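Number of protein chains: 4
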Amino acid sequence: MAGQGHEHGPTSPAIAAPAARQAADEVEVRGHIVDSLLLPKILDRILQMGGSFEIRDCKIGMRRTDPSYARIGIRAESPEAIDAILADLVEHGASPVHPEDAKVVPADIAGAFPEGFYSTTNQQTQVRFKGRWIDVQDQEMDCGIVLDPAAGVARCVPMVRVVVGMPIVVGHAGVRVIPMERPRESTLFGFMSSNVSSEKPKSVSLRSVAEAVRSTRAAGKKVLLVGGPAIVHTGSAPHVAAMIREGWIQALFAGNALATHDIEQSLYGTSLGVSIERGEPIEHGHEHHLRAINAIRRAGGIRRAVESGLLTSGIMYECVRHDVDLVLAGSIRDDGPLPEVITDTLAAQDRMREAIRDVGFALLIATALHSIATGNLLPAWVKVVCVDINPATVTKLSDRGTFQTIGLVTDVEPFVRALAAELATAPAAG
Amino acid sequence: MAGQGHEHGPTSPAIAAPAARQAADEVEVRGHIVDSLLLPKILDRILQMGGSFEIRDCKIGMRRTDPSYARIGIRAESPEAIDAILADLVEHGASPVHPEDAKVVPADIAGAFPEGFYSTTNQQTQVRFKGRWIDVQDQEMDCGIVLDPAAGVARCVPMVRVVVGMPIVVGHAGVRVIPMERPRESTLFGFMSSNVSSEKPKSVSLRSVAEAVRSTRAAGKKVLLVGGPAIVHTGSAPHVAAMIREGWIQALFAGNALATHDIEQSLYGTSLGVSIERGEPIEHGHEHHLRAINAIRRAGGIRRAVESGLLTSGIMYECVRHDVDLVLAGSIRDDGPLPEVITDTLAAQDRMREAIRDVGFALLIATALHSIATGNLLPAWVKVVCVDINPATVTKLSDRGTFQTIGLVTDVEPFVRALAAELATAPAAG
Amino acid sequence: MAGQGHEHGPTSPAIAAPAARQAADEVEVRGHIVDSLLLPKILDRILQMGGSFEIRDCKIGMRRTDPSYARIGIRAESPEAIDAILADLVEHGASPVHPEDAKVVPADIAGAFPEGFYSTTNQQTQVRFKGRWIDVQDQEMDCGIVLDPAAGVARCVPMVRVVVGMPIVVGHAGVRVIPMERPRESTLFGFMSSNVSSEKPKSVSLRSVAEAVRSTRAAGKKVLLVGGPAIVHTGSAPHVAAMIREGWIQALFAGNALATHDIEQSLYGTSLGVSIERGEPIEHGHEHHLRAINAIRRAGGIRRAVESGLLTSGIMYECVRHDVDLVLAGSIRDDGPLPEVITDTLAAQDRMREAIRDVGFALLIATALHSIATGNLLPAWVKVVCVDINPATVTKLSDRGTFQTIGLVTDVEPFVRALAAELATAPAAG
Amino acid sequence: MAGQGHEHGPTSPAIAAPAARQAADEVEVRGHIVDSLLLPKILDRILQMGGSFEIRDCKIGMRRTDPSYARIGIRAESPEAIDAILADLVEHGASPVHPEDAKVVPADIAGAFPEGFYSTTNQQTQVRFKGRWIDVQDQEMDCGIVLDPAAGVARCVPMVRVVVGMPIVVGHAGVRVIPMERPRESTLFGFMSSNVSSEKPKSVSLRSVAEAVRSTRAAGKKVLLVGGPAIVHTGSAPHVAAMIREGWIQALFAGNALATHDIEQSLYGTSLGVSIERGEPIEHGHEHHLRAINAIRRAGGIRRAVESGLLTSGIMYECVRHDVDLVLAGSIRDDGPLPEVITDTLAAQDRMREAIRDVGFALLIATALHSIATGNLLPAWVKVVCVDINPATVTKLSDRGTFQTIGLVTDVEPFVRALAAELATAPAAG
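Residue numbers (the numbering used here), protein chains in the order written: chain D, 1 to 430; chain G, 1 to 430; chain Z, 1 to 430; chain E, 1 to 430.
Bound conformation, chain D alone (with noise of 0.2 Å):
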């Protein structure tokens, strides 16, 4: 691909225009280029933006996994133009041979971001500051960026967080993505990301994910779990609580579905009415999630019905019994709700923020809020696997940004008493 000198070009506007309106500038790129397709995705961009393109040096690791390196001039016709391709091709993971610091200005509004300020994705993110690239620290989508000159530290902010006078990155000058790398050490793991269907091989699939799990454990990460209350309607429920009880599970976000009918059984035997042992509808059962709530309120909440011994089995239980970190964050269809859920959305989404924050692995099962809005939370090297029997809650998913997402469409129930009985033959390490 040794561009001989000469531009690659739409429209050879370097005849047409005068030279004086031309800008130019160049860019890097390193990694897996042959692997990971960032070359000619990133001269692609160029042409399509409007620019024309020289490969000014370009080396090619011995193996695939080795680093590669290319160095690209690029050439457009208007600094604006220019500007634009670069801030474009620094989302890709290109980045100028001849960086600025990133550049900031104090927030004027509580609450809003300034003009023009960065929007963060959830890719690994460095910014410039005194010439030296420092990574962004807990790295969000769809926030800015508060650069702390004093500290010299910089991190991810939420819109709603902002207080006035904060520094805020605004413009693309000074920022860097690292783009992640498609994940190659579990070829398991690659199989399951081509596409979402029904029809795979499903053994593959769980043993798959009891791995994700073993290796998260061994590795001192969390696995947080993300449940909607199908997890319980479905028999579920007392797999999911193995689990936690054996040490597979740090930190469980659900709402105030999965609690309720989680009690629900314990206290009554069902869930939504419906009995999880016959499977029929009891007598005025419909009733028992109203009062499952009315009895966890009066006692004062989940933790002390445990303490008490009103409550004695599911997995609320054992998340009081082993320390999960358990969010239940409230939503406008909740009865009640139980005392624990977090009825403000925007302390919810804090809480999930704090508890995220070691998680290594995140297993997101029949829940399409709970999981887009933790989906929102996790940085992109966060594996995600998505259960859900309806495909297009894994679409959605993918379509909101959280890219590392593989779904599995299958059904909750068998995927959750075999991936409990697969960890179950190695016991966690604690």
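Each hint can be trusted.
Identical copies look the same in the list; a pair holds intra-copy or inter-copy alike.
Result set (DSBU-like, lysine-lysine): computed pairs, CA atoms no more than 35 Å apart in a straight line:
1) K222 with K396
2) K41 with K396
3) K130 with K221
4) K103 with K130
5) K41 with K103
The set of hints was computed from the structure by calculation and includes no laboratory data. Nothing here was measured: the structure is a model prediction, and the numbers come from that model.
Take the given structure of chain D and dock chains G, Z and E to it, following the hints.
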């Protein structure tokens, strides 16, 4: 079906059990017994719950829609068994022949009902107070009933709003339910209720919904639209905006996402970064929704953005201009959110309760969360049509108890476009 | 419900219409009137069709499952109206009190019924011949009835098999239907029939299906499996093979695809080119299915491939080894096809008709085409369970008239794996 | 990407393995290397299959759409490994620099290919014969290639049509594939290809399909409609009939069901017994489809029924009147069937092969069976749009290899109605 004095029961318990432990009572059923299948259902319940019955009086109306009447003697093995049967039959529309007044006990704990509280349905309910049946107001499922003895007024109260000392109805005595009849005035409406399938004549459904909107407005009731962001993604926002402008919609329940993408489209021409006009992703378009929220937060909210001329088109714009009762309820997946979004879910529910007071027809489009939340609040006599391309959303709504819901499995944009066109043929009264 | 001599009708036609044009008749209903909602349905139909009724006799059984009896007088404005009502009521299980013999006319055209032919349902049907009610044999929906006066035998005949001169029943006179009752022997089975949702306790469903398989075998009836290729794609083939080997399945209906991918897995370890073991696409694996077909065609068919030692495992192998009645029906999407595939669809239907003769339970897994085809052939009293991850397949089957179908919305592999394991706990009698 | 003489390989085998066992070869790639990601894909494949590469020549076109060229040296551990790599690269569009002629062997068994046959894709393919590359005719996936040495003509042949002695191409030598490029002429078309989701701007999709129909007709090619019975059930038949009448459709593939319900609607106003006008089930309407089939069989077929004046409207009527190439293919779920239905599936496939010869655009609506069958026959350069409310149908079509398919997840009736209206704005040329 004249029982000739002998009893019908599962095991002829009259012989096996000593008479002393037996118990008996009598219930009445009124209404469209033939048409609504009430009588067989009630007889079936008695037998299923271990009782036996004797039909003591039975008058069938001359026409299908004339009210009928039946008086049924019930026997069971114990007073407790009779109580259980009576409690069950009350929910199916039977009422004791010799009723007592409803019993109340004062709430002993704030935010929780007393033990044994009567748990409401969304059907029209009456309580007996000083020998008279009075209507329960603010009918809503999964609430308790507070009965003010001074005012002689009963109304539904959500658990979380209970204050210590509130007189709450307990048990089933003195409570009766007047079950909804099957819809008959409109056969078009009737046809749609059969089951959830996409393979039905579609133009009939459309005319039925248009007719329901018109007749609701003609009756001086409000039309409520509950919508998800797919309305904007699919390019349906202009059609919804037109319906608002023309006076067909009086209340709108939605979340941050619908409002954000509507504003994104108005400001940038995109929805989730995809051009509505050309259907293609725009450069950096994925940031547009965040920039739209930021712009509105900087402006001080949607209403101010309309007043200042920043926001000049779209659903939100029309809501502000035409005084639509707009409730934007927060959720944990929200970015921002927009200033008008109510982030506390209990506060949002209360605003929704207020707004549904005069609603005669609710149209739920492409949102599971807001649809289920709304379904939880609506009494059974408000007609509900749920439009979604995913049959699971419709099924879920019915499973959660909103039985009056008619599901239309269809694509949002063509449906909304055609509905707006159909309604435009004859303008709303006001 | 004793009508006291007065009539119930929509518009009191007795006054409006001259008596001379009126007509009347009488029908009987027997069976579980209370339980099956038969009586209200019939009264409702009479009124809907413009008639009026009078209940002349009504006896209700002592227990829920005891048979009841009602005799109902019907009036309408004309003999034609009475005929239409009677024809309708017959399908709902009523029968005329003063019946005539069934009328037959000889078929005038080969492969078509005479005008006015009686069109069958899949319910148990009888025709009146020389004053006696005789059972119609080979009950199948959407057929005609051929009544052999010499042998006094009636049976269903498909349109395409009509030969000139065949005596075909016309009109509704002398035909009666004995409607199925709701299943009650097994409450587990009952629970599943409520509606199509994936949110149900799954292990209950599984035990119910296993129990149905066992009781069918214990009763000396055949179990029929109807399966699609997703059985192989999802890695379920070994479990199905095990069930065949252990004597649980006597007949298998499938298409070229299931057989091909099963053989592909046996020969190459892949299904549609994806390794079942590792879950990854294999180099050139997409060609494997074609090479598998080619190999079997070269060998002279599946049976010969087993005999020659080419094919040594899998579903097809076990079918050959255990004399399962295998019907591979062709479709236009077939590659090859395999030599055993019956490419003429009418011939395939005839083979399926033969094979279902002694089937007591049909398990339909992951195939819409073969499931609907089988559903068309099965009488209403054969229990059918349809397993598919897509709720639309189940809905479609019911919409097409196979009302006895119980739908399980679940994932194929875990279901089949667990079913095989459950059945393996106690072996089949033989 | 100029390889500076050193090799890139997974494990530096040059040292470990004795040179004598090594093998090498050279391939060329031409086309839009940057744009189509061809080059990285090919390099990736070489490494994955255990080979190493050296880029020996590389010219990149000036513009994105200009052709580029690369010559790549390949090394592997054995001649067999080189062969496997070459075979694989051929499918990805590379071709050997020093090619041989294609090898043929005569078929030894009727209806089966010889061992080692070349299995075709649906991409444009050429075979080398006497030193020249000749186009393979009747391109179709999952066939073999018969090469007539006398005529110098190569064409695809389905397995079942092989006769003893036919010269069949074996191995990959002398075969090359010219891969399709990504569509670029129409960005509208491009946008739709991204993924399968119902949440996209719908009117853009509609205009794209209308434009494809128009441009196909303008180019003198045929438009093929492949449709399922939901077209009739949803009330879309009149719109399809209009499109046929106005000259937009030249070929129609369907089954007995679409034809039957279309005729049922014409004769009785119902589809599956449901009134299209009023949306309600009609008395005895479920028999209508059988009576419709019977009437057509009595008339001697669809064409005769049109000629005799029995059938006067609908899709079938318009097909007869406007000489649409109608292929009704049988399936095992058919009632009747209608006389024009081809009940032998191999005969039906052959008729479909004939009919697609000049098809330039295929619109597949609401049928999985006929869509997959058609997809199997179409070469990759025929544009395909698949419209279904169920995303699984679209996914399945792509999984089966018809990669050029663009899926529209939308409701049939509004789509077809709007398409007919859009096309009616400017009439077809002929």
